[in-house]
Amino acid sequence: MNGRARRLMHLGGFLAACLIAGVAPAEAQRASAAIPATPVIVASKPFGESYLLCELFAQLLESRGLAVERRPGLGATEIAFGAIRSGAIDVYPEYTGTGLIAILHDSLPDSLARSPKAVFAHVTRATADRYGARWLPPLGFENTYAIAVRKETSARYGLHTLSDLARAGPALTGGLTADFIGRPDGLAGLRRAYGLSPRAVKPLAPGLKYQALAAGAVDFIDGYSTDGLLAKYDLVVLDDDRRFFPAYEAAALVGTRLARDRPDAIAALTLLSGRLDEGTMRRANRRVEVDGEDMRVVARDLLVGLGLSGRAHPSDAGAAPRNALGLGAYLWSVRVPIGRLTLRHLLLVAIALALAVVVAVPLGLALERVRGAAEPVLGALGVLQTIPSIALLVFMIPLLGVGVRPALVALWLYALYPIARGTFVGVTDADPKAVEAAEALGMTAHQRLLQVRLPLAAPVIMAGVRTAAVITVGAATLAAFIGAGGLGEPIVTGLALADTRMVLSGALPAAALALLVDGALALVARLVTPAYRRSTSRKRREPSNARGSSSI
Amino acid sequence: MTDEVVAPLSKAGGTASAPAALRASGVVHTFGASGARALDAVDFEAPAGACVALVGESGSGKTTLLRCFNRMVEPRAGVITVDGRDVRDLPVETLRRTMGYVPQDGGLLPHWTVRRNAGLVPRLLGLDDVEQRVDEALALAGLAPAVYGSRYPHELSGGQRQRVALARAVAARPPAILLDEPFGALDAISRADLQSAFEELRRATGVTTLLVTHDLAEAARLGDWLVVMRAGRVEQRGSFSELRHSPATAYVQTLVERTLAGLARLEESA
Numbered sequence: 001m002n003g004r005a006r007r008l009m010h011l012g013g014f015l016a017a018c019l020i021a022g023v024a025p026a027e028a029q030r031a032s033a034a035i036p037a038t039p040v041i042v043a044s045k046p047f048g049e050s051y052l053l054c055e056l057f058a059q060l061l062e063s064r065g066l067a068v069e070r071r072p073g074l075g076a077t078e079i080a081f082g083a084i085r086s087g088a089i090d091v092y093p094e095y096t097g098t099g100l101i102a103i104l105h106d107s108l109p110d111s112l113a114r115s116p117k118a119v120f121a122h123v124t125r126a127t128a129d130r131y132g133a134r135w136l137p138p139l140g141f142e143n144t145y146a147i148a149v150r151k152e153t154s155a156r157y158g159l160h161t162l163s164d165l166a167r168a169g170p171a172l173t174g175g176l177t178a179d180f181i182g183r184p185d186g187l188a189g190l191r192r193a194y195g196l197s198p199r200a201v202k203p204l205a206p207g208l209k210y211q212a213l214a215a216g217a218v219d220f221i222d223g224y225s226t227d228g229l230l231a232k233y234d235l236v237v238l239d240d241d242r243r244f245f246p247a248y249e250a251a252a253l254v255g256t257r258l259a260r261d262r263p264d265a266i267a268a269l270t271l272l273s274g275r276l277d278e279g280t281m282r283r284a285n286r287r288v289e290v291d292g293e294d295m296r297v298v299a300r301d302l303l304v305g306l307g308l309s310g311r312a313h314p315s316d317a318g319a320a321p322r323n324a325l326g327l328g329a330y331l332w333s334v335r336v337p338i339g340r341l342t343l344r345h346l347l348l349v350a351i352a353l354a355l356a357v358v359v360a361v362p363l364g365l366a367l368e369r370v371r372g373a374a375e376p377v378l379g380a381l382g383v384l385q386t387i388p389s390i391a392l393l394v395f396m397i398p399l400l401g402v403g404v405r406p407a408l409v410a411l412w413l414y415a416l417y418p419i420a421r422g423t424f425v426g427v428t429d430a431d432p433k434a435v436e437a438a439e440a441l442g443m444t445a446h447q448r449l450l451q452v453r454l455p456l457a458a459p460v461i462m463a464g465v466r467t468a469a470v471i472t473v474g475a476a477t478l479a480a481f482i483g484a485g486g487l488g489e490p491i492v493t494g495l496a497l498a499d500t501r502m503v504l505s506g507a508l509p510a511a512a513l514a515l516l517v518d519g520a521l522a523l524v525a526r527l528v529t530p531a532y533r534r535s536t537s538r539k540r541r542e543p544s545n546a547r548g549s550s551s552i
Numbered sequence: 001m002t003d004e005v006v007a008p009l010s011k012a013g014g015t016a017s018a019p020a021a022l023r024a025s026g027v028v029h030t031f032g033a034s035g036a037r038a039l040d041a042v043d044f045e046a047p048a049g050a051c052v053a054l055v056g057e058s059g060s061g062k063t064t065l066l067r068c069f070n071r072m073v074e075p076r077a078g079v080i081t082v083d084g085r086d087v088r089d090l091p092v093e094t095l096r097r098t099m100g101y102v103p104q105d106g107g108l109l110p111h112w113t114v115r116r117n118a119g120l121v122p123r124l125l126g127l128d129d130v131e132q133r134v135d136e137a138l139a140l141a142g143l144a145p146a147v148y149g150s151r152y153p154h155e156l157s158g159g160q161r162q163r164v165a166l167a168r169a170v171a172a173r174p175p176a177i178l179l180d181e182p183f184g185a186l187d188a189i190s191r192a193d194l195q196s197a198f199e200e201l202r203r204a205t206g207v208t209t210l211l212v213t214h215d216l217a218e219a220a221r222l223g224d225w226l227v228v229m230r231a232g233r234v235e236q237r238g239s240f241s242e243l244r245h246s247p248a249t250a251y252v253q254t255l256v257e258r259t260l261a262g263l264a265r266l267e268e269s270a
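Going down the list, the sequences are from chains A and B.
Residues 1 to 552 in this note's numbering are what the first sequence spells out, letter by letter.
Residues 1 to 270 in this note's numbering are what the second sequence spells out, letter by letter.
Keep in mind that the hints were calculated from the coordinates and are not lab data.
C-beta: ideal position from N, C-alpha, C; glycine also.
Any given hint could be a false lead.
What the hints assert, rightly or not - Stretch by stretch, here's where chain B covers chain A in the computed footprint (C-beta under 8 Å, at least three residues): (1) 434-448; (2) 452-461.
Unchecked claim - Quick list of the computed label-pair ranges, beta carbon to beta carbon: (3) A/Ala-522 - B/Ala-41: 56 to 64 Å; (4) A/Ala-354 - B/Val-147: 39 to 47 Å; (5) A/Glu-436 - B/His-214: 17 to 25 Å; (6) B/Ser-25 - A/Arg-371: 34 to 42 Å; (7) A/Arg-526 - B/Ala-18: 43 to 51 Å; (8) A/Leu-450 - B/Val-92: 15 to 23 Å.
Said to hold, decoys possible - Quick list of in silico lysine to aspartate or glutamate cross-link-like pairs, DMTMM-like style, CA-CA up to 25 Å: (9) A/Lys-433 - B/Glu-181; (10) A/Lys-433 - B/Asp-105; (11) A/Lys-433 - B/Asp-187; (12) A/Lys-433 - B/Glu-93; (13) A/Lys-151 - A/Glu-278.
Put together the whole structure using the sequences plus the hints.
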């Protein structure tokens, strides 16, 4: 057995352990979930501070005896706010400046835009009027954009302000989050306000931009002023000398239903208003992003420090910082939650795939009857495949909100094409001479389909199903962006926190799951393959099968 | 193998349909937009119980004419009758189940065993002695049911596959069978074997047979009557002897001479 095979075996063992570990606690949890009120759904956007505030909100609510459901890491501002509007989540941490520009698409006169009070007053009123959502009083700190450069870049080009950056811009490459590139208070605004025109702009995932900057792959990035990583990499934050960025005060943004029906939750969340200063937040972010401490521990310490909770969670007390563990030990320490996520992942894939088979096989058969429509319809399904998953998920939100439903629909759409094409091609190409003879001997069209063409097409249809299954296992990792859970959760969170091991704790089981699902479907394929094909191919396949099974 | 047991039909249970008379009158068919005539006012008749061989080159229209009898081709004009009855008066599947059919390559269903293939038409007809008919038909075609019944088509030789196709065509004891170059794709030895098996089968069943072939020698050996076709028209009808001694056209004369010359060369070299 070679090294690769051994690693695969360990991975399989890990996955099995996850599955076993995941089932039992999930059952136990369900049994004890007898708290009467519906849980408050607390969410976040996919970057470190948002995760931490989400956990803080959640623990605060729990400390007041309220049931909480966590939906951290929703893909972007549109997704998170869309979820607030549709009632799919109840609360998430947002920033007033973001509310002003990215949610309301408003602008205030420069003097007012720099005034935290004026911005808060405006967004509170406008958000309530237009969307019925409510901003709770700000938490007490601002987290504005911090355009940052390396120290040596600052020294070389004499960069201290954004005006300096605009002057040196043509020589510099920006590494910016997609969010920032697209927002009116992002790159477009900087171009307008400062005349900034960088040599190039590279879109980067939030968790990667600091590493990219430190490695010299880019020259400046859009950080957040409270990011722990600003200090870790010893970066220079450029001064917004023309006062372009509005005030970005952090606050809890609350959906209509929670604001109306749950005064207990509102009262609890309001306890945080004005209590978190910038220094406290930066230190807390640093513990999570730089030191790799468990977010739950940091959030609990914050609550205890603020006198909002006296209770320590004994189960978490001994949790070592993530950085202190080796990869194997880390994976072992997260086997229970990963097991749960793996089950959920599998469930998402299974449901989406089953629904796709139910629709795409009859569709493929129908297209064989109406050949003229085949290429247009299959072409359209093929185009769906080319839409990036995250874009497809965002399109779903206005229709289906966030959570499991839009994720299932998106996965279902991805799975349709390979199955429909496999069915169409399989039935169209099924041994034409045999099909003709069956017709000439008096089989009806229906009999030919069920007794001849489908059995002959089965291997090709199954190949389509297997392709769809592997695609779906991969695409389902992105379902985490819209709060559907699954193995994408640690991937998204890990990317946001630049935590490679957390990313691997989702990615490795997802890869193993893809192999397992494909293998399981290969067995199904053997069962539906007509005996004559099995018996001819057995001789050829057996040796390769034997190799395959010994290495997994 | 060719001389395996041939069970006479009379011994078998169930009923065999009486051989049917087949007739085509004024049949015209065109293919495609060009309107080229594949069949041009064809008249011909196969008396009940006869084996009529349709002979001609590729594109002469012989296969098209054959396929008019099971309505795999619907001619543009003219009438096709079976025992005087227009084939269009029957539901198409009903008609086809009474017309045995053997295409050139057998057209066996690759995912079915020999038994299941041979029993196709009796099962479609809902007959209650399917297994018995399969045994009988396989024996007629020169295949021992116990040996070959559970095999799949890919496990057979080309000649054995054609035997299964023959068995499938006669298992329901139809009044007529349609054979489209059934021996065309075989090597010379299998071909001679299968031709003998076919003659035995004909003797045992007396089923009316339309046999399409491009080989005049084969037509002469197997057919009671020959119909020579060329470019969608019938050149001549008659026995081989009639064709030889009073050819109706120069084409028929050439065809006969060439065939005889070939046989003569064979004779000399032997």
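Each hint tested on the structure:
no.	hint	in the structure
1	434-448	holds (count 11)
2	452-461	holds (count 3)
3	A/Ala-522 - B/Ala-41: 56 to 64 Å	holds, 58 Å
4	A/Ala-354 - B/Val-147: 39 to 47 Å	holds, 44 Å
5	A/Glu-436 - B/His-214: 17 to 25 Å	holds, 20 Å
6	B/Ser-25 - A/Arg-371: 34 to 42 Å	holds, 35 Å
7	A/Arg-526 - B/Ala-18: 43 to 51 Å	holds, 48 Å
8	A/Leu-450 - B/Val-92: 15 to 23 Å	holds, 19 Å
9	A/Lys-433 - B/Glu-181	holds, 14 Å
10	A/Lys-433 - B/Asp-105	holds, 8 Å
11	A/Lys-433 - B/Asp-187	holds, 20 Å
12	A/Lys-433 - B/Glu-93	holds, 18 Å
13	A/Lys-151 - A/Glu-278	holds, 23 Å
Hint check: no violations occur; every hint is consistent with the structure.
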